[in-house]
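One-letter residues, chain by chain:
Protein chains: 2
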Amino acid sequence: MPNPIILGTVALDSVETPFGKHRNILGGSASYAAFAASFFAKPGIVSIVGTDFPEEHLDLLAAKHINLAGIQKRGASFRWEGVYEYTMHEANTTHLILGSLIDFEPKLPLEYQQGKYVFLANIDPEMQLQVIEQLVEPKLTLLDTRDLWIKTKPDALKKAIRKVDILLLNDAEARQLFETPNLVKAAQEALKMGVQGVIIKKGEHGALLFTEGKHFNAPGYPLEMIKDPTGCGDAFGGALLGYLAKTGDISEKNLRKAIVYGSALASFNAEDFSLERMKKLTWNDIEKRVHEFRTMREF
Amino acid sequence: MPNPIILGTVALDSVETPFGKHRNILGGSASYAAFAASFFAKPGIVSIVGTDFPEEHLDLLAAKHINLAGIQKRGASFRWEGVYEYTMHEANTTHLILGSLIDFEPKLPLEYQQGKYVFLANIDPEMQLQVIEQLVEPKLTLLDTRDLWIKTKPDALKKAIRKVDILLLNDAEARQLFETPNLVKAAQEALKMGVQGVIIKKGEHGALLFTEGKHFNAPGYPLEMIKDPTGCGDAFGGALLGYLAKTGDISEKNLRKAIVYGSALASFNAEDFSLERMKKLTWNDIEKRVHEFRTMREF
Numbered sequence: 052m053p054n055p056i057i058l059g060t061v062a063l064d065s066v067e068t069p070f071g072k073h074r075n076i077l078g079g080s081a082s083y084a085a086f087a088a089s090f091f092a093k094p095g096i097v098s099i100v101g102t103d104f105p106e107e108h109l110d111l112l113a114a115k116h117i118n119l120a121g122i123q124k125r126g127a128s129f130r131w132e133g134v135y136e137y138t139m140h141e142a143n144t145t146h147l148i149l150g151s152l153i154d155f156e157p158k159l160p161l162e163y164q165q166g167k168y169v170f171l172a173n174i175d176p177e178m179q180l181q182v183i184e185q186l187v188e189p190k191l192t193l194l195d196t197r198d199l200w201i202k203t204k205p206d207a208l209k210k211a212i213r214k215v216d217i218l219l220l221n222d223a224e225a226r227q228l229f230e231t232p233n234l235v236k237a238a239q240e241a242l243k244m245g246v247q248g249v250i251i252k253k254g255e256h257g258a259l260l261f262t263e264g265k266h267f268n269a270p271g272y273p274l275e276m277i278k279d280p281t282g283c284g285d286a287f288g289g290a291l292l293g294y295l296a297k298t299g300d301i302s303e304k305n306l307r308k309a310i311v312y313g314s315a316l317a318s319f320n321a322e323d324f325s326l327e328r329m330k331k332l333t334w335n336d337i338e339k340r341v342h343e344f345r346t347m348r349e350f
Numbered sequence: 052m053p054n055p056i057i058l059g060t061v062a063l064d065s066v067e068t069p070f071g072k073h074r075n076i077l078g079g080s081a082s083y084a085a086f087a088a089s090f091f092a093k094p095g096i097v098s099i100v101g102t103d104f105p106e107e108h109l110d111l112l113a114a115k116h117i118n119l120a121g122i123q124k125r126g127a128s129f130r131w132e133g134v135y136e137y138t139m140h141e142a143n144t145t146h147l148i149l150g151s152l153i154d155f156e157p158k159l160p161l162e163y164q165q166g167k168y169v170f171l172a173n174i175d176p177e178m179q180l181q182v183i184e185q186l187v188e189p190k191l192t193l194l195d196t197r198d199l200w201i202k203t204k205p206d207a208l209k210k211a212i213r214k215v216d217i218l219l220l221n222d223a224e225a226r227q228l229f230e231t232p233n234l235v236k237a238a239q240e241a242l243k244m245g246v247q248g249v250i251i252k253k254g255e256h257g258a259l260l261f262t263e264g265k266h267f268n269a270p271g272y273p274l275e276m277i278k279d280p281t282g283c284g285d286a287f288g289g290a291l292l293g294y295l296a297k298t299g300d301i302s303e304k305n306l307r308k309a310i311v312y313g314s315a316l317a318s319f320n321a322e323d324f325s326l327e328r329m330k331k332l333t334w335n336d337i338e339k340r341v342h343e344f345r346t347m348r349e350f
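Protein chains in written order, with the numbering used here: chain Y, 52 to 350; chain P, 52 to 350.
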């Protein structure tokens with residue numbers, strides 16, 4: 052049984068940052084998340100690609116023992132084109148081709164339905180709901196989203212949030228979804244919706260975890276060179292859930308550790324385009340960075 | 052001998068935030084910094100006020116055993132009027148009366164000249180330079196600044212930075228002064244100027260300390276209610292230096308602790324207008340919050 056199960060996009064990205072421009076590179080929330088998760092466990096992807104999707108990209112995922120049985124193949128591939136400006140804080144989408152993603156109906160292979168750890172990465176919330184319905188008895192479900200869905204499908208998104216254990220979103224999205232500039236208030240509103248925990252990603256400023264009566268603050272890694280932030284949030288979520296799946300411990304204490312592993316993978320991911328940095332990553336690199344996260348917090 | 056010595060403004064503020072509007076309340080960088088420092092040591096202020104400055108404000112500082120011998124009195128008081136909008140991130144200055152601050156020449160009383168710990172809080176960098184020149188043998192000098200001086204007096208500011216031990220500034224100012232969006236690069240540029248350490252204040256996102264080869268990341272406190280952020284950076288610097296003055300230990304390790312005490316005082320300060328929250332603060336409140344800072348970043 053693949054573990055964790057990861058729903059999201061597998062895409063062809065064209066990305067421009069102050070450090071370069073690359074066309075038709077491997078992207079998509081599920082690609083980043085599954086690759087990051089593969090350092091800890093044997094994830095399976097639920098997604099769709101076009102018949103034009105390069106085999107080499109899928110081979111790269113398969114070589115990391117990522118289960119691809121949940122990837123459908125038809126029509127045209129999902130393509131995203133974006134530009135990051137000077138501050139590298141946010142990408143401006145310059146072009147988008149939905150391709151066969153537009154009427155994608157996620158269908159879990161039998162072996163996926165028993166999945167215990169499930170990451171509903173960034174994708175249409177209606178597709179997230181469809182996956183939730185096919186799960187027999189998940190132990191932990193994590194849902195990520197983005198501004199687009201908050202704006203265009205707030206009802207489906209809220210319905211999905213009410214059915215998961217942990218909500219993951221970035222600071223701007225938390226402010227937008229709960230209509231407050233204060234992240235503590237936003238987190239409290241999320242907890243009122245029934246989730247057990249809320250994780251707010253803040254990019255270079257780290258991440259926050261809010262659970263009932265408890266708060267964890269994970270530092271951002273002091274990166275001198277950010278080449279391409281695409282997929283950092285996905286790598287964060289994938290590594291986090293991979294770590295939980297590996298350890299089988301969903302206590303708040305272990306969730307803190309999982310967040311630090313997520314932060315480590317996200318920080319590596321920003322160091323190069325596409326999955327280039329993660330491709331070269333060793334377990335030793337990860338442990339070394341997690342150790343740095345520890346020492347940079349000590350007082 | 053007062054310790055630490057704090058140069059900065061003592062002002063009459065008129066502040067509007069989404070939580071209220073208050074006129075002619077006690078403000079100024081030295082007021083906030085000295086009040087915060089007074090929980091740890093017996094600070095002395097170097098500043099100027101007008102003959103119209105309310106005695107009750109000075110009495111409040113004196114009651115906290117803050118030495119006021121370095122405060123000159125003539126002309127009109129420095130007045131600042133600002134409005135914080137919805138996000139509370141930055142104040143828009145709506146009115147400014149410099150008063151006698153315009154030709155203020157800081158003159159250290161004899162007992163101040165031997166000062167060991169010195170906080171050059173936000174004020175004209177030429178005044179900061181004048182104070183540096185009057186110090187006989189300081190043990191640790193900390194310099195804060197703001198966007199206005201980076202823009203209008205970059206040469207004097209850089210000259211002052213080269214003469215101090217630690218540079219304190221917020222993230223926007225660090226990016227502005229060193230012309231890079233990357234805070235790690237900005238910090239490295241600052242270290243190249245000869246300072247021993249750079250502290251970057253990031254408001255709700257905490258604070259960063261960069262020293263040669265080391266990095267410390269202090270979390271932000273998860274405040275649900277921020278009533279007025281005015282003076283938080285000043286309270287941060289004042290408490291930080293007060294803690295160092297109290298402990299007499301300027302090692303990197305102790306600087307980390309000092310930053311957490313600074314963060315604690317800054318977080319309290321945001322909870323009410325002017326010095327209202329700090330006025331009610333007990334040592335027990337401070338220790339409790341520092342303990343929270345510890346637990347919120349354990350993993």
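By construction, these hints were calculated from the structure, which means they are not laboratory data. All figures in this text were calculated on a predicted structure; none of them were measured in a lab. Hints may contain errors.
Claimed, not checked - With a Cα cut of at most 25 Å, we get these calculated PhoX-like pairs of lysine-lysine: (1) P:Lys167 - P:Lys190; (2) P:Lys265 - Y:Lys236; (3) Y:Lys243 - P:Lys308; (4) Y:Lys124 - Y:Lys93; (5) Y:Lys204 - Y:Lys93; (6) P:Lys297 - P:Lys190; (7) Y:Lys304 - P:Lys210; (8) Y:Lys253 - P:Lys278; (9) Y:Lys158 - Y:Lys204; (10) Y:Lys308 - P:Lys308; (11) P:Lys304 - Y:Lys339; (12) P:Lys204 - P:Lys214; (13) Y:Lys253 - P:Lys167; (14) Y:Lys93 - Y:Lys330; (15) Y:Lys72 - P:Lys236; (16) P:Lys190 - Y:Lys253; (17) P:Lys236 - Y:Lys339; (18) Y:Lys167 - Y:Lys202; (19) Y:Lys265 - P:Lys339; (20) Y:Lys265 - P:Lys308; (21) Y:Lys278 - P:Lys243; (22) P:Lys236 - Y:Lys253; (23) P:Lys278 - Y:Lys236; (24) Y:Lys115 - Y:Lys308; (25) Y:Lys124 - Y:Lys190.
Status of the hints after comparison with the structure:
| no. | hint | result |
| --- | --- | --- |
| 1 | P:Lys167 - P:Lys190 | 5 Å, holds |
| 2 | P:Lys265 - Y:Lys236 | 34 Å, violated |
| 3 | Y:Lys243 - P:Lys308 | 35 Å, violated |
| 4 | Y:Lys124 - Y:Lys93 | 21 Å, holds |
| 5 | Y:Lys204 - Y:Lys93 | 32 Å, violated |
| 6 | P:Lys297 - P:Lys190 | 13 Å, holds |
| 7 | Y:Lys304 - P:Lys210 | 48 Å, violated |
| 8 | Y:Lys253 - P:Lys278 | 23 Å, holds |
| 9 | Y:Lys158 - Y:Lys204 | 21 Å, holds |
| 10 | Y:Lys308 - P:Lys308 | 23 Å, holds |
| 11 | P:Lys304 - Y:Lys339 | 21 Å, holds |
| 12 | P:Lys204 - P:Lys214 | 16 Å, holds |
| 13 | Y:Lys253 - P:Lys167 | 38 Å, violated |
| 14 | Y:Lys93 - Y:Lys330 | 16 Å, holds |
| 15 | Y:Lys72 - P:Lys236 | 23 Å, holds |
| 16 | P:Lys190 - Y:Lys253 | 37 Å, violated |
| 17 | P:Lys236 - Y:Lys339 | 22 Å, holds |
| 18 | Y:Lys167 - Y:Lys202 | 30 Å, violated |
| 19 | Y:Lys265 - P:Lys339 | 15 Å, holds |
| 20 | Y:Lys265 - P:Lys308 | 22 Å, holds |
| 21 | Y:Lys278 - P:Lys243 | 24 Å, holds |
| 22 | P:Lys236 - Y:Lys253 | 19 Å, holds |
| 23 | P:Lys278 - Y:Lys236 | 14 Å, holds |
| 24 | Y:Lys115 - Y:Lys308 | 23 Å, holds |
| 25 | Y:Lys124 - Y:Lys190 | 29 Å, violated |
Of the numbered hints listed earlier, those contradicted by the structure are 2, 3, 5, 7, 13, 16, 18 and 25.
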